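Asks: Protein chains in written order, with the working numbering: chain A, 1 to 295; chain B, 1 to 476.
By construction, these hints were calculated from the structure, which means they are not laboratory data.
Where chain A lies over chain B, by a calculated footprint (3+ residues, C-beta under 8 Å):
#, stretch
1, 45-54
2, 60-69
3, 196-209
4, 280-292
As the structure is a computational prediction, the values presented were derived from the model and not from experiment. Ideal placement from N, C-alpha and C gives every residue a C-beta, glycine not left out.
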Amino acid sequence: MARPPSQFPQFSSVADVSKRLSTAGYLPDAQIATTVFLADRLGKPLLVEGPAGTGKTELAKALATATGSELIRLQCYEGLDEARALYEWNYKKQLLRIQASQGTDGADWDTVHDDIFGEEFLLSRPLLTAIRRAEPTVLLIDETDKADVEVEGLLLEVLSDFQVTIPELGTITAARRPMVVLTSNATRELSEALKRRCLYLALDYPSAEREREIVLSRVPDLAPGLAEQLVRTVRAMRALELKKSPSISETLDWAQTLLELGLDTLDESAVRSTLGVVLKHASDQDRAAAELRLN
Amino acid sequence: MTGPAVADGGLAGHLDGFVRAIREAGIPVGISQAVDAAEILTVVDLLDREQLRHGLAAVLLQRAAQRPTYDVLFDLWWPLSDRPRTTVESDADGDADGEPGESTLDVPGDDGIDLAARMREQLLQLLLEGNPEALRRFAREAVEMLGRGQPSPSGQSFFSYRVLRALSPDTLVAQLLTGLLAEGDRGGLAEQVARQTIRERLTALRAAIESEVRRRTAAEKGRDKVAKNAVRPLADQVDFLRAQAGDLAELRRAVAPLARRLAVRLSARRRLGREGRLDFRKTVRASLGTGGVPVVTHHRPRKVHKPELVVLCDVSGSVAGFSHFTLMLTQALREHFTGVRAFAFVDTTDEVTRFFRPGADVVDAVSRIGREADVVGFDGHSDYGTAFEVFADRWASAVGPKTSLLVLGDGRTNYRQPGLPVLADLVRRSRSAHWLNPEPQRLWGSGDSAANRYGEVIDMVECRNAAQLAEFVTTL
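Given these sequences and hints, build the entire structure.
Replies: The following block contains the structure:
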């Protein structure tokens with residue numbers, strides 16, 4: 001099974017990945033850095049799975065920034081089809097073209113036919129766009145688990161050969177392989193075949209140290225002591241049985257909120273008045289208030 | 001096998017053994033993945049163990065739940081060497097590890113108790129600082145010094161319980177709280193947060209000790225033996241009936257998305273034939289842009305018929321673990337699916353839908369059902385016959401041609417009459433009906449189980465763990 005060698009590796013080592021992602025504002029741990037490095041080296045798509053708010057989409061964005069690539073995003077949803085993911089013909093424009101030719105000298109059908117299935121009438125959707133680009137590209141296929149099973153079949157074809165066949169135009173092969181990141185919340189098991197073609201990265205909430213670093217790098221004005229307190233409180237909340245555990249972005253929002261309010265310590269009253277920033281369900285708020293003894 | 005050019009039985013052979021062990025632990029690894037694993041060896045820095053760990057995980061694993069098992073096996077197959085590392089060790093806390101054992105043991109007149117006491121002090125300090133790396137190093141040292149069992153002909157054994165007994169980390173909690181909290185912080189938020197932090201660090205310590213014991217045992221007795229005992233079942237294969245508190249949290253994570261999927265599945269029929277009747281007006285309007293040719297047709301959205309779901313669950317003691325899961329499932333269904341009515345029964349039935357209004361808390365709902373719902377009429381032993389009869393009697397209109405019926409229970413009737421005709425009638429009246437049974441299929445029909453007889457009138461599925469639930473949901 002010879003796989004074409006990955007073209008243009010972007011990173012020289014795992015340490016390089018860490019450094020450049022950090023510069024792009026994403027602090028990776030050893031697991032993330034290693035897996036990203038391998039995805040780049042082996043030219044394989046990277047499947048990132050984990051609960052909402054652990055930084056899956058962020059990773060793709062940071063990757064684009066770190067490698068100076070353009071980010072092309074395919075947001076999956078139930079009912080996503082080929083026409084939305086790959087390409088479709090611009091019927092309206094084609095029709096106008098036909099009508100226009102009828103009016104004038106009446107060009108013969110063959111010319112018109114060749115004409116209306118040309119580039120001009122092709123609406124390129126994210127997958128095709130990513131494949132045709134000659135510049136560095138990061139292709140983000142977001143929330144893959146939301147799409148129907150048929151879309152997975154389509155992805156399989158595109159991701160294993162990086163080519164798309166359009167009957168009227170022929171096969172379009174990637175001039176330069178995009179880096180592909182698929183994300184999934186694991187609400188549905190993706191097919192074995194798709195998983196086999198990808199490198200797998202299970203993301204969970206970060207460790208306390210890493211989360212503190214993330215907070216401090218994103219909200220640099222926050223006092224380190226307060227950041228520590230904040231992260232520990234968020235972790236205590238995640239340990240409760242909540243319907244929606246606070247995500248990293250909510251930790252960051254909270255840090256920002258505390259900063260704006262000029263609070264310098266996270267005591268009961270501070271938490272109580274800002275709880276809505278981290279917990280978005282009334283029942284979660286009640287539960288946290290009871291278990292963390294806010295009253 | 002392609003891979004690094006190493007003599008047969010060398011690195012490639014070792015990797016092969018590792019892959020086999022992973023397969024034996026229940027993680028499916030295909031041939032192409034094994035080949036990819038070999039390729040990983042050529043790309044990562046082999047001297048960096050963590051790189052190797054994460055690199056192999058990236059190609060060998062396909063689900064997050066497999067990771068703990070993988071980590072245990074990885075530690076066995078790619079162990080740390082016994083020698084204390086000489087590089088990078090001479091930094092600030094080098095003295096914690098520099099010469100493990102000797103310096104402490106050499107003190108004259110030292111006995112076990114004294115040693116344990118001193119290690120406890122050190123542990124207290126480390127737990128306060130919370131540096132995971134230092135804690136792991138301490139665990140290795142502690143196993144070396146406190147974990148030895150009686151030497152036997154088959155070699156030296158190590159036991160984590162010996163270490164934990166000597167150190168009794170749980171008794172340090174009070175001191176740790178004092179250390180982490182300023183005075184005046186007691187009783188409120190700060191204390192709860194500190195307690196959680198301590199809990200996390202103690203768990204990490206225990207895991208480190210266990211992993212070190214495994215490593216040493218593997219070195220003494222061979223890793224295959226250890227691998228067999230050390231590997232816990234994957235989270236989604238934990239039996240609902242035997243799940244422990246720790247598993248339940250894992251399960252809950254696994255079940256919540258499944259329930260949502262199940263709700264969609266049970267109501268999915270309407271999605272087929274997505275396009276409804278032609279919307280003539282809209283289509284003509286749109287055709288103006290294309291010179292009167294209706295290129296794009298528009299359709300009226302289909303009338304969404306509200307499917308109804310009735311969940312009937314056994315909440316008796318014999319299925320305690322399962323009923324917790326059951327109610328979890330019910331709650332999740334209720335949240336994603338408006339037409340859900342939930343009924344619970346032991347020896348009589350009561351509607352419990354009200355406890356599961358969206359936003360309610362499962363744990364809270366479960367305890368309220370225990371207190372407020374009228375599910376025990378006689379002696380608190382399950383009585384399916386009476387339960388079904390009461391249900392069919394009092395809520396006759398709940399099941400109709402639009403209803404999906406979901407029964408959750410083990411079908412153990414305590415030798416009372418099973419109420420088959422009533423159930424058969426309910427099944428006939430419903431649009432579809434399924435029974436999820438948490439008992440292994442081979443036990444159906446044994447003793448007081450009427451599962452086989454129920455199976456004749458309703459589609460009964462074995463559903464012992466999250467993996468099976470997932471399968472049921474996908475094949476539905």
